[in-house]
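Order-wise, the sequence lines are chains C and G.
Residues in the first sequence are numbered from 1 upward in steps of one, following this note's numbering.
Residues in the second sequence are numbered from 1001 upward in steps of one, following this note's numbering.
Errors might be hidden in some of the hints.
As the list claims (entries may be wrong) - Across the chosen pairs, the derived CB separations fall in these ranges:
| # | chain 1 | residue 1 | chain 2 | residue 2 | range |
| --- | --- | --- | --- | --- | --- |
| 1 | C | Gln38 | G | Ala1162 | 37 to 43 Å |
| 2 | G | Gly1063 | C | Glu256 | 48 to 54 Å |
| 3 | C | Glu227 | G | Arg1072 | 31 to 37 Å |
| 4 | G | Thr1076 | C | Asp12 | 38 to 44 Å |
| 5 | C | Asn5 | G | Tyr1090 | 46 to 52 Å |
| 6 | G | Lys1159 | C | Lys2 | 39 to 45 Å |
| 7 | C | Ser255 | G | Glu1128 | 22 to 28 Å |
| 8 | C | Asn73 | G | Tyr1090 | 24 to 30 Å |
| 9 | C | Asn312 | G | Gly1063 | 37 to 43 Å |
| 10 | C | Arg35 | G | Asn1181 | 30 to 36 Å |
| 11 | C | Met28 | G | Asp1141 | 34 to 40 Å |
| 12 | C | Gln260 | G | Gly1168 | 37 to 43 Å |
Claimed, not checked - Part of the chain G face toward chain C, derived, beta carbon under 7 Å:
| # | residue |
| --- | --- |
| 13 | Lys1025 |
| 14 | Gly1063 |
| 15 | Lys1171 |
To be verified - To be clear about the criterion: a stretch of chain G counts as covered by chain C if any three or more of its residues have a C-beta under 8 Å from a C-beta of chain C, and this derived list gives those stretches:
| # | region |
| --- | --- |
| 16 | 1037-1043 |
| 17 | 1154-1163 |
Hint data in this document are derived by calculation from the structure and do not stem from the laboratory.
By construction, the Cβ of each residue, glycine as well, lies at the ideal position given by its N, Cα and C atoms.
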Amino acid sequence: MKCENYSNLIQDFVENELDTQTADEVSMHIFSCLRCEQEFELLTEEKELYAQFLFEIEPPKNLSARFRARLENESETVTAPILPEISFGERLANLFSLKKPLPVLSALSLLLVFGGVLSVKKSLDENAQLEMTGVAKTNGETLVNTPREELATNLPRIAVPRQFEKASLPISDLTIRKNEKNRQVTGSSQEKNATPRNAVRRNEKNNKSVITKPPVLSEEEKSRFHELQAFERDAARQIEKIEMLLRSFRNARYSEETAQYDVSFEKEQARKLLGANIKLRAQADFYGDFLTGEILDKVQTYLLDIANLENNPSTEAVLDIKQRVRNQNLIASLQSF
Amino acid sequence: MTYHASETIHNSTADLIAKAQRGDKEAFGLIFEYHHRFIYKFIYAMLGNAESAEELTQETFLGAYKNIQSLRGDATLKTWLCAIAKNMVYSSFRGKHRQLNQADEEIESLELTDHKNPSPDREILNKELHQKIAVALGALDEDKRMIFILKEMQQLSYKEIAEITGYGIPKLKTDLFRAKNEMRTRLRPYLEATNEV
Chain C
1 MKCENYSNLI
11 QDFVENELDT
21 QTADEVSMHI
31 FSCLRCEQEF
41 ELLTEEKELY
51 AQFLFEIEPP
61 KNLSARFRAR
71 LENESETVTA
81 PILPEISFGE
91 RLANLFSLKK
101 PLPVLSALSL
111 LLVFGGVLSV
121 KKSLDENAQL
131 EMTGVAKTNG
141 ETLVNTPREE
151 LATNLPRIAV
161 PRQFEKASLP
171 ISDLTIRKNE
181 KNRQVTGSSQ
191 EKNATPRNAV
201 RRNEKNNKSV
211 ITKPPVLSEE
221 EKSRFHELQA
231 FERDAARQIE
241 KIEMLLRSFR
251 NARYSEETAQ
261 YDVSFEKEQA
271 RKLLGANIKL
281 RAQADFYGDF
291 LTGEILDKVQ
301 TYLLDIANLE
311 NNPSTEAVLD
321 IKQRVRNQNL
331 IASLQSF
Chain G
1001 MTYHASETIH
1011 NSTADLIAKA
1021 QRGDKEAFGL
1031 IFEYHHRFIY
1041 KFIYAMLGNA
1051 ESAEELTQET
1061 FLGAYKNIQS
1071 LRGDATLKTW
1081 LCAIAKNMVY
1091 SSFRGKHRQL
1101 NQADEEIESL
1111 ELTDHKNPSP
1121 DREILNKELH
1131 QKIAVALGAL
1141 DEDKRMIFIL
1151 KEMQQLSYKE
1161 IAEITGYGIP
1171 KLKTDLFRAK
1181 NEMRTRLRPY
1191 LEATNEV
């Protein structure tokens, strides 16, 4: 391949958009062609500069709390999927390749569809109401005393503190258990079968279902919940910082003067992030957040390797870490976390 | 046993989305926690205004919550949220929020630190360089600015940016190339001064 052809690929190489084989070819050419190497260094330096532009930009710390407050005030609306803005008649006409929609055919079809939607909606609303009471309706029969673990199968992984549960259960299940405790304190078996405190109630004025707020947790439970939220925030922040660090390390440039990669900044950052990483790993174990714990455990290897690089690291040592980051597709994994 | 981090992450996100689609606000709150910083940085870079970025970040996620049902299984959550944020930003360009080239005084108030233990001269220069980057960014047209931010600053792939913007990859590459040339032209004096210090 001619040098000018490589020049077109260097941009994509810097952007990490090449497949492995092409990237290796371009990489080998860069180290043997002075002109392309200069272009590579210029593009890499620019990219590092721009990538760091947003590094220090952070949202205000109370943004999460403010958003949650706004979200609480939003009524629970289960909206239909966003449909394109064409009328039903026009869509029907397109289906049958008619130039003009047939009003009668459209009206008849509309009536059939509405009838079906209303019957399905009624069935769904009944199921939703029953679901909140801890029972499920299947095949027309109501199952009472459905084991809670069965209902929790599709809930998120994040666990409540182990003090509250023998096995890890999702956060929302803490609310369900609190409801049950309240019912036991206040009611007899007849009251248990009555409408639960957090059942779905229908807003007949605008025909929307509104889920009431769950009962208030105890102070200890609130405190634990807030601790868990704080941990999740810190973990997300840590992972984002590590993602930025790995990107910066991946884009580290080779210095002609010193004949080595300049990774002093990345070394310092890795050392700073290591302490927080160890702490967060311990918290992840404590809260039973196995996913976060595994991610932190995985990146800790890289933090250690980068932090332990010598002051004048060999090219091989730096390239080894770069290659491992690329092979593991680690940055993409962290980005999607 | 080989651990595939990306698979586990995807499943966890899918769980949260499924719960949010059933109306679980706590699940959506976690989605906010994981993604709001990325969205905030994108909107901030587009508008250059922290107050507007805060407001539009919340509006983005509120809009996402109301339309969570429209999130298809083949779309990733991050690109979907970015697409909503992009629409919010473009709407605001026609609204009351100030654009980047009018917000120099706010950029100057940012406490940007150079983390490489610089000399005092270099520290001042880097802060100035950051400000100049912000101003140069604001001088780009909206499409080029958006593509530049998503690619150069937030490190998304062309495929992801294509999902967000709806543009083809050839157009993205062309716009990015032009955006980088414009930025380079505007920042050349400052980049050269940085290298001399």
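Here's how the hints hold up against the structure:
Here the CB-CB span from Gln38 (chain C) to Ala1162 (chain G) is close to 31 Å, at odds with the stated 37 to 43 Å. Restraint check, Gly1063 (chain G) to Glu256 (chain C): a C-beta distance of roughly 50 Å satisfies the suggested window 48 to 54 Å. A C-beta distance of roughly 35 Å is found between Glu227 (chain C) and Arg1072 (chain G), which places it inside the suggested range of 31 to 37 Å. For Thr1076 (chain G) and Asp12 (chain C), the hinted distance range of 38 to 44 Å is not satisfied, since their beta carbons lie about 22 Å from each other.
The hinted window of 46 to 52 Å between Asn5 (chain C) and Tyr1090 (chain G) is violated, with their beta carbons roughly 37 Å apart. For Lys1159 (chain G) and Lys2 (chain C), the hinted distance range of 39 to 45 Å is not satisfied, since their beta carbons lie about 28 Å from each other. At roughly 24 Å, the beta carbons of Ser255 (chain C) and Glu1128 (chain G) sit within the given window of 22 to 28 Å. Checked against the hint of 24 to 30 Å, the C-beta distance between Asn73 (chain C) and Tyr1090 (chain G) comes to roughly 26 Å, which is consistent with it.
Between Asn312 (chain C) and Gly1063 (chain G) the beta carbons are some 51 Å apart, a value that contradicts the proposed interval 37 to 43 Å. Evaluation of the 30 to 36 Å hint for Arg35 (chain C) and Asn1181 (chain G) yields a failure: the beta carbon distance comes to about 18 Å. One distance hint, 34 to 40 Å for the beta-carbon pair Met28 (chain C) and Asp1141 (chain G), holds here, with the actual separation near 38 Å. Hint check: Gln260 (chain C) to Gly1168 (chain G), Cβ distance near 40 Å, so the stated range 37 to 43 Å holds.
Taken as an interface hint, Lys1025 (chain G) checks out: its beta carbon lies about 6 Å from the nearest beta carbon of chain C, inside 7 Å. Taken as an interface hint, Gly1063 (chain G) does not check out: its beta carbon lies about 11 Å from the nearest beta carbon of chain C, beyond 7 Å. The beta carbon of Lys1171 (chain G) is not positioned within 7 Å of any beta carbon in chain C (closest approach about 15 Å), and the interface hint is therefore violated. Remark: the region 1037-1043 of chain G is confirmed as covered by chain C, as 4 of its residues place a Cβ nearer than 8 Å to a Cβ of that chain, reaching the required three.
Restraint check on the region 1154-1163 of chain G versus chain C: 4 residues with Cβ-Cβ distances below 8 Å, three needed, restraint holds.
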